[in-house]
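Assemble the complex: chain S is given as a structure, and chain F must be docked to it using the hints.
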Amino acid sequence: MNPDAVFIAVLVAAALAVTLGVALGWAAARIEPDADSLVARIDALLPQTQCGQCQYPGCRPYAAAIASGAAEIDRCPPGGEVTVRALAALLDRAPRPLDPAFGVTKPAQVAWIDEEKCIGCARCLPACPVDAIVGASRQMHTVIAAQCTGCELCLPPCPVDCIELRPAMVVSLRYRQPRAA
Amino acid sequence: MTELLLLALGASLVNNFVLSNFLGLCPFIGVSRRFEAAAGMALATLFVLTIASGLSFALWQWVLVPLGLEYLRTLVFILLIAGVVQFTEIMVRATSPLLHQLLGIFLPLITTNCAVLGVALLNVDRQHGLLESLVFGASAGAGFGLALLLFTTLRERLDTADVPQAFRGAPVALVTAGLMALAFMGFAGLGAR
Numbered sequence: 000m001n002p003d004a005v006f007i008a009v010l011v012a013a014a015l016a017v018t019l020g021v022a023l024g025w026a027a028a029r030i031e032p033d034a035d036s037l038v039a040r041i042d043a044l045l046p047q048t049q050c051g052q053c054q055y056p057g058c059r060p061y062a063a064a065i066a067s068g069a070a071e072i073d074r075c076p077p078g079g080e081v082t083v084r085a086l087a088a089l090l091d092r093a094p095r096p097l098d099p100a101f102g103v104t105k106p107a108q109v110a111w112i113d114e115e116k117c118i119g120c121a122r123c124l125p126a127c128p129v130d131a132i133v134g135a136s137r138q139m140h141t142v143i144a145a146q147c148t149g150c151e152l153c154l155p156p157c158p159v160d161c162i163e164l165r166p167a168m169v170v171s172l173r174y175r176q177p178r179a180a
Numbered sequence: 000m001t002e003l004l005l006l007a008l009g010a011s012l013v014n015n016f017v018l019s020n021f022l023g024l025c026p027f028i029g030v031s032r033r034f035e036a037a038a039g040m041a042l043a044t045l046f047v048l049t050i051a052s053g054l055s056f057a058l059w060q061w062v063l064v065p066l067g068l069e070y071l072r073t074l075v076f077i078l079l080i081a082g083v084v085q086f087t088e089i090m091v092r093a094t095s096p097l098l099h100q101l102l103g104i105f106l107p108l109i110t111t112n113c114a115v116l117g118v119a120l121l122n123v124d125r126q127h128g129l130l131e132s133l134v135f136g137a138s139a140g141a142g143f144g145l146a147l148l149l150f151t152t153l154r155e156r157l158d159t160a161d162v163p164q165a166f167r168g169a170p171v172a173l174v175t176a177g178l179m180a181l182a183f184m185g186f187a188g189l190g191a192r
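Taken in order, these protein sequences are the chains called S and F. Numbered according to numbering that gives the first Met the number 0, the first sequence spans residues 0 to 180. Numbered according to numbering that gives the first Met the number 0, the second sequence spans residues 0 to 192.
Please keep in mind that the hints were generated in silico from the structure rather than gathered at the bench. Glycine included, every Cβ here is placed at the ideal spot set by N, Cα and C. Some hints here could point you the wrong way.
Said to hold, decoys possible - Covered stretches of chain F, as calculated for chain S (at least 3 residues, CB under 8 angstroms):
1. 57-69
2. 76-87
3. 90-101
The following block holds chain S by itself, in its conformation from the complex:
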C-alpha cells in the first residue's frame, strides 16, 4: 500500500469523526434547552430526597407535575417553606403554606442501622431511592451517611425495626439544602 492511500484513509476517518462531533455538539446545544428546561429548573430547586411524600415517585416526576400544572407547589415537606418560596418565585405564583396532608418539615436527618439487631434480610435495599444502604443477604447492613437523604422509605420494610433516623452530622452529598431562587 502506498503512503498516499494511508494518508487518504486517515483523512477520511478523521473528517468523519470531526463532522459527527460537530453535528452532535450542535444537536446537543440545540435540542437540550427548550424541551424540558422548566422541569429541570424546578427539579433543581427540589431537595432531591426522593422521599415520595408528594405522592410522586421522586423529585423529577414531581417537578414534571408542577410544570404541567397537575400538582401544587406545597407538597414538599423536606424542602419546607424555603422551597415553596423559591418555587413560587420561579413560577411567578403566590407563595402558600405547606400542605400538612403531605407531612411536616423536619431537620436534616440520616438513617442509622442498629447493627446488633439487623438480621441481614436485605429488604431495605430496594426501598432506598439513592442506594445508600450497603449490605447483602445474611450480611449486616450499614448506611452511607453521605448518600442518605433521610427519606424514611427504609423504615416500613424492616421486619425488626432496627433502622432509626438521627440528626445529620454531615450534610448529605445528595441532599440539596433548601435555598432561595
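Relative to the frame of chain S, chain F by itself:
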C-alpha cells in the same frame, strides 16, 4: 415493490436478526425484564437501525467506493453508528427523561448491538440500493423489536411461574429464547429471502 416487500418480510421474520442470525443478543437478554423498557428499546433500535443503514449506504456509495477505501468499512460504520446512537440518546433525553432513565446503560450500548453493524455490512455485501438499504434496516429493526417484545411478555410470565430452582433467572430465559427461535424457524417455509 414485491421485491421490497419480500426483502422486508425476509429481514423481519424469516431471517429474524435475533432469532435466526443470533445478532443483538445482549439487549435481547438485558432489556427484556420490563415491558416499558423493552418497548422503548425496540423503538430506539428501530430508529438507529433505519438511520444508520441509510447513512452507511450513503457513506459507502459516495465516499468509500470512489476513494477505494472499501477496507475501512468496519471502522467507519462503527464510528457512524456511534454518532447516530449518541444523537438518539440526546433525542430521548430531551423528549422523555423517564425513558432515558429506564433504558440506562442499554441506550449507549446500541452502539455495540451487533445487529446494527450487521445490517450495515449486509447491505454492502448484498449490494442494496438506498431504498433497499432503508427498507432492510427498518424491517430488521422491526423484527428485532417484535422478538424483543414477545420475549419480554414471556419473561414477565416466567417471573410468576413455578420454575425449578436450578433454572430460575437467566437459564430459563435462554431456554425460552431457544424455543422462540425454533418457532421462528417455521417462517422459513414462507420462502422469502
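Hints and how they fare:
Check on the region 57-69 of chain F: 6 of its residues sit with their Cβ under 8 angstroms from a Cβ of chain S, so the three-residue criterion for coverage holds. Only when three residues or more bring their CB closer than 8 angstroms to a CB of chain S does the claim for the region 76-87 of chain F stand; here the count is 6, and the claim holds. With 6 residues having a Cβ less than 8 angstroms from any Cβ of chain S, the region 90-101 of chain F passes the three-residue criterion, so the hint holds.
No hint from the list above goes unmet by this structure.
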